[in-house]
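J.: Listed below, chain by chain, are the residues.
There are 2 protein chains.
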Amino acid sequence: MPSIPPPASVLVVGTVAFDTIETPFGRAERVLGGSATYASLAARLLTPDVRLSAVVGGDFPESHAEALRQRGVDTEGLARDPEGETFFWAGRYHHDLNHRDTLATHLNVLATFEPELPESYRDTRVLCLGNLDPTVQMSVLDQVTGPDGSGPTLVVMDTMNYWIEKTPGPLGEVLERVDVLVINDAEARELADTPNLVRAAREIRERGPQTLVIKKGEHGALLFTGETEAPTVFAAPAYPLEEVLDPTGAGDVFMGGFAGHLARVGEVTDDAFREAVVVGSAMASHAVEAFGPQRMLELTEADVRQRVAAFHALSAIPARLVA
Amino acid sequence: MPSIPPPASVLVVGTVAFDTIETPFGRAERVLGGSATYASLAARLLTPDVRLSAVVGGDFPESHAEALRQRGVDTEGLARDPEGETFFWAGRYHHDLNHRDTLATHLNVLATFEPELPESYRDTRVLCLGNLDPTVQMSVLDQVTGPDGSGPTLVVMDTMNYWIEKTPGPLGEVLERVDVLVINDAEARELADTPNLVRAAREIRERGPQTLVIKKGEHGALLFTGETEAPTVFAAPAYPLEEVLDPTGAGDVFMGGFAGHLARVGEVTDDAFREAVVVGSAMASHAVEAFGPQRMLELTEADVRQRVAAFHALSAIPARLVA
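These protein sequence lines map, in sequence, to chains A and B.
So in our numbering, the last spot in the first sequence is 851, and the numbers never skip.
So in our numbering, the last spot in the second sequence is 851, and the numbers never skip.
There could be a bad hint or two in this list.
Listed next, the in silico DMTMM-like pairs over lysine to aspartate or glutamate satisfying Cα-Cα at most 20 Å (straight line) [what the hints assert, rightly or not]:
1. B:K744 - B:E817
2. B:K744 - A:E770
3. B:K744 - A:D624
4. B:K744 - A:D713
5. A:K744 - B:D651
6. A:K744 - B:E770
7. A:K744 - B:D624
Keep in mind the hints are simulated off the structure, nothing from the lab.
With the hints as constraints, model all of the structure from the sequences given.
T.: What follows is the structure, encoded as structure tokens:
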């Protein structure tokens, strides 16, 4: 994979939504949410050129779009369907915050979302395909010509169990064109149909993505690079938090931070991927400290740097042991 | 805590058992097992003076005791009750190997086990209290005078949900006298009655153990040292294995490797504890690659060194990120 001249442009395609969130620690009613919201805010904190493609309904307040713009996100690709309603999700987290029940999913305008990228987005270098119908992901992939007509330099993708079960064909076609797949452990096991994550990683990487990140929530993340048969594995811990208020969006923040870091450093080496996992983890650990996107709307680069340093301290093995 | 002149003596108290193990990959019938077996074999690979205290029945073949001695374990404290039968455990692991059903637990001679330490064991410096009735753990603790009559230099302890639920009083008394508690995440949550591990760690450390290791199986381990209110946390990954044949004894091998490393280096600093967690994890990752104690009976120091190096590679964050 070629290196990317930094800072590279990042396009995040996904959902912009209203979320109603219940956790053991409180409730947030119809707050700004969606994968593209979280991921673009995260990426933008790291790199200047971050574009968003999503759709909202006539009920979407201009103040929310303005909040994204104030944080520097390019919202030219935020389509509005005045006749429709914005995608709505409601969920309730269990006591341990590791499990949640979905109480409502109203696709609304998302049901007919066919993103048409603005001209200004087509030269995107780093494409982040949020969790969406794989045919929509493919359509976006086809529209990005990249700076020289050969397509995006790096494609990062998320998906979920629903698409793995319902649309394996189209999902497989997108996977073939993806550089980095970022999914959670349950999704990896389901996608590869094996409980063992090392075997799952090999199976998944054989289908396309040269690089694989498996998110394990409070247990951190695994990064697979190098040869498929003899992978190089990096295990990042999760930051041990005493107060998790709301895990919503943590995975999207991770992907946005991951892609944002790569765009900033302009490298796609194993070291850069490791750094990107730590930066994404650091940002996700901040995101869960408040309800909805609140923390992401306030987060500073200094906050991220500080937590990245904490990740170093957290995982440092004394050098003497291998001396 | 004072440093320990290396190599320090280690005493492992626990069970020596017959195990019948079923996993999706095979079955082992009445093989040598028990926490003291696994832990003493692990410790002995790292440090020369490892003593074992346990009880077996008249059905225990001398060849098993001889196997322990051949690996250098001092079995003077292996009591034999010729009238009784050896502790027997049978379990079946689920598809993902993270869960198991206990099919049988016959305490047999363990039901009346009242260890009386040989004179030669009383000066022990590093005492490993395997998962046993806390009144038995306390009795052993009282019998160890240490080299100067003030008791063992370092007490490492394991326990399980059964004792947390059934004997909270005696368990609390032992905890007050323990330096390092090594338990798994479910036990930590139950002992502290909170799902959050950071809060659980604080609560547990307030009851006695200055150092706490929380084992998370395939997700690695957390080490809490330093101030109880503002702990220093170390997150060790688990080695990503493609073939786990039998997880039986992995936790005991971890504790034995942990204690063995501390005895070998004669230090109880944060760095030494981090190293001990990595060494314990490395040994446990070997142990699960074969059925029963087979791998532990063959393991070499070179195997351990090699895997410890792999742990470094696995968790190394590029230095540039904090430069």
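J.: Find the hints from earlier in the document that the structure breaks and name them by number, from lowest to highest.
T.: Of the numbered hints given earlier, the structure breaks just one, which is hint 5.
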